[in-house]
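These protein sequence lines map, in sequence, to chains A and B. 89 is the number that our numbering gives the last residue of the first sequence; the numbers go up by one with no jumps. 340 is the number that our numbering gives the last residue of the second sequence; the numbers go up by one with no jumps.
Simulated from the structure, these hints should not be mistaken for laboratory data. The beta carbon of each residue, even a glycine, is placed where N, CA and C say it ideally should be. Careful, some of the hints might be misleading.
To be verified - No more than 27 Å apart at the CA atoms, straight line, and that leaves these computed lysine-lysine pairs for DSS-like: (1) B:K142 with A:K27; (2) B:K228 with B:K301; (3) B:K142 with A:K51; (4) B:K131 with B:K228; (5) B:K330 with B:K142; (6) A:K82 with A:K27; (7) B:K228 with B:K300; (8) A:K82 with B:K142; (9) B:K300 with B:K131.
Said to hold, decoys possible - Computed spacing ranges between beta-carbons, pair by pair: (10) A:H2 with B:R154: 26 to 36 Å; (11) B:E153 with A:E48: 24 to 34 Å; (12) A:E79 with B:E277: 41 to 51 Å.
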Amino acid sequence: MHREGIRKIPGGKTVKAEIEVEGGILKEVLISGDFFAYPPEALEELEESLKGIRAEPREVERVLESFRDRVELAGVGLEDLKELLLSLL
Amino acid sequence: MEEWRLLVGEGDAYWNMALDEALLELRREGRSPDTLRLYVFKPSAVTIGYFQKIGEAVDLEYAERAGIPVVRRATGGGSVYHDERGEITYSIATTVDKVPRAIVESYRHICRGLVYALEELGLEAEFVPVNDVVVRGRKISGSAQLRRGRGVLQHGTLMYATDLEILARVLRVPREKLAARGISSIYERVTTVSRELGRRVTREEVVEALKKGFERALGVRLVPGPLTGEELELARELVEKYRSREWNFRR
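Here chain B stands alone, though its shape is the one from the complex (with noise of 0.2 Å):
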């Protein structure tokens, strides 16, 4: 069976995010291996799609007050929460040839590892289309993807104990999509796994049930690996735009 590395880890969000960027370089130019990054946002953090206005998707004034840190994604998409003590990030980075060519049909074939994550768990959930995956009607997680050359990454969220109340606190949700939707209230829009199981379920179960669900999803097996020295020099390069007012404040 073919092998994945798995790394394990947490930091910043702009860590975080350089990270994810340097994998997808390197995988790209053949010189990472194809990965799962399972990662926790220390301290909690927003992260906003690349096309997104900062202001209108992000209260900057309450993220400030809490200490909570803003960064643009590389990766289209929505606004996401990410918080330190209720939130798993996945990221994978691999090439076109492994994934669906159809944008849709990658994001539905990368997501069968949150369904089948979910399920280990004890939850029915169901990919809706472009990229979220949804329990019972409610939003439990999205991904973003983002392609350059042969490279492929693509990350996304899986809520397990998230603050609801912060995270509806600090991101902007249009109007119009509220009204589209027809729902006022983020707590009958998301959901997180604790919810839905009525008991507090801890990281460490969530991470297992990643791995597995990612497994079984992709048809490989994850093996613990370590950064490589180039990783961990690119991402420290890139860290430095995902810091910069230029970056993330361009839209």
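In isolation and in its complexed conformation, chain A is listed as follows (with noise of 0.2 Å):
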């Protein structure tokens, strides 16, 4: 099932996620938007974590806590996209 989602960060950017569900599964992500990510990369790799998983909240948390290292974004926060992420499910 398609599932997709829009935030608009006042003042600042726009997050839209895509996600497509099929047995419980995570098993397309789609990050998209305006903001930025350091370095690029990293924003598709948490893209490829993400797929494959359980589409259940705890497991979503875990994948994007495991990036809050491995990413730096701007415009919009990490906070910003997990809030959108778990809208979803």
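Take the two lone chains and join them into the complex the hints point to.
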């Protein structure tokens, strides 16, 4: 099942998340928007790491937390991204 | 006083993005000098941020019809319309030790060059985090930065006479963004140097102002210099990526 959501950060940027859930598993994850990620590749690695996990808040949070030291976001925060993803589950 | 190389030129969107990335790569390896590049997109083009979905950031049908190429940048941020007759793009290739470590502070530091350039042209401008410069509350410039290893690339736009009607047609702004700002018209959100001054400024005036502005902001002397053979060679390799559908349509 396809689900998507958008967060507009007041005075900041926009982040969109799209997920595909199949049999309780995250099959596809796409994060897009006009924000910045340092380094950019880390955000793509985050997307990859989310694929294949159970579509449950605890699992998603665990993966996001493991990226806290690997990626620095500007324009949006990791917390925004977390809230957005959790809202889709 | 420290000297940085100044490059002034023009090229198509693919070449411009390829050359910026080549400068970053070679600067990070210590094979290129600190550089400020001022350039024009010929023909007018749209660049989109690394993480944007091309179909959501740009009206592709209109771009196609109007002959406006669309290219994805290596840098994040939003979509930009680069008007051949109304916009100058700057890019800076340097190393992390030359800019503040904190991301927003490094944007502020480099964007001071734009603020000073606008002051030179007679406008009071202000940096608005993360990456905008505004005049009387309207965006006149946006920047995007990428760090790789010890290399830093920051490029950005300065609109001096951009056709805002075309900009409004070719760029798609998410409804959420308009709603959050409580403003619906692009004319109320963005502006140009010519519009603010009430006279048509020339490309040469703006290039000169940017040169002075960045010299003051960075505390350096800009010295015109040529591209190296190595830079041209790497840019020629990279340009294929920027021309590819695979790159531009990856999101």
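Inset, instruction - Quickly compare the C-alpha distance for K142 of chain B and K27 of chain A to 27 Å and report which way the hint goes. - result: holds (19 Å)
Inset, instruction - Decide if the proposed pair is consistent with the structure: K300 of chain B and K131 of chain B, CA atoms, cutoff 27 Å inclusive. - result: Since the Cα atoms of K300 of chain B and K131 of chain B sit roughly 21 Å apart, the hinted pair holds (cutoff 27 Å).
Inset, instruction - Could you say whether the range 41 to 51 Å given as a hint is met by the Cβ separation of E79 of chain A and E277 of chain B? - result: violated (30 Å)
Inset, instruction - Mind checking the alpha carbons of K330 of chain B and K142 of chain B for me, to see if they're no more than 27 Å apart? - result: holds (17 Å)
Inset, instruction - Sort out whether K228 of chain B lies within 27 Å of K131 of chain B, counting only the CA atoms. - result: holds (23 Å)
Inset, instruction - Compare the distance between the alpha carbons of K228 of chain B and K300 of chain B with 27 Å, and conclude whether the hinted pair is satisfied. - result: holds (21 Å)
Inset, instruction - Take a look at whether the Cβ-Cβ distance between E153 of chain B and E48 of chain A falls inside 24 to 34 Å. - result: holds (32 Å)
Legend entry - Pair hint K82 of chain A and K142 of chain B, alpha-carbon separation not exceeding 27 Å: Holds, at roughly 20 Å.
Inset, instruction - Mind checking the alpha carbons of K228 of chain B and K301 of chain B for me, to see if they're no more than 27 Å apart? - result: holds (21 Å)
Inset, instruction - Mind checking the hinted window 26 to 36 Å against the Cβ distance between H2 of chain A and R154 of chain B? - result: holds (30 Å)
Inset, instruction - Below or equal to 27 Å on CA atoms is what counts here, so check K82 of chain A against K27 of chain A. - result: Between K82 of chain A and K27 of chain A the Cα gap is close to 18 Å, so the pair holds against 27 Å.
Inset, instruction - Would you check the hint for K142 of chain B and K51 of chain A, treating anything up to 27 Å between C-alpha atoms as holding? - result: holds (19 Å)
Of the numbered hints given earlier, the model fails hint 12 alone.
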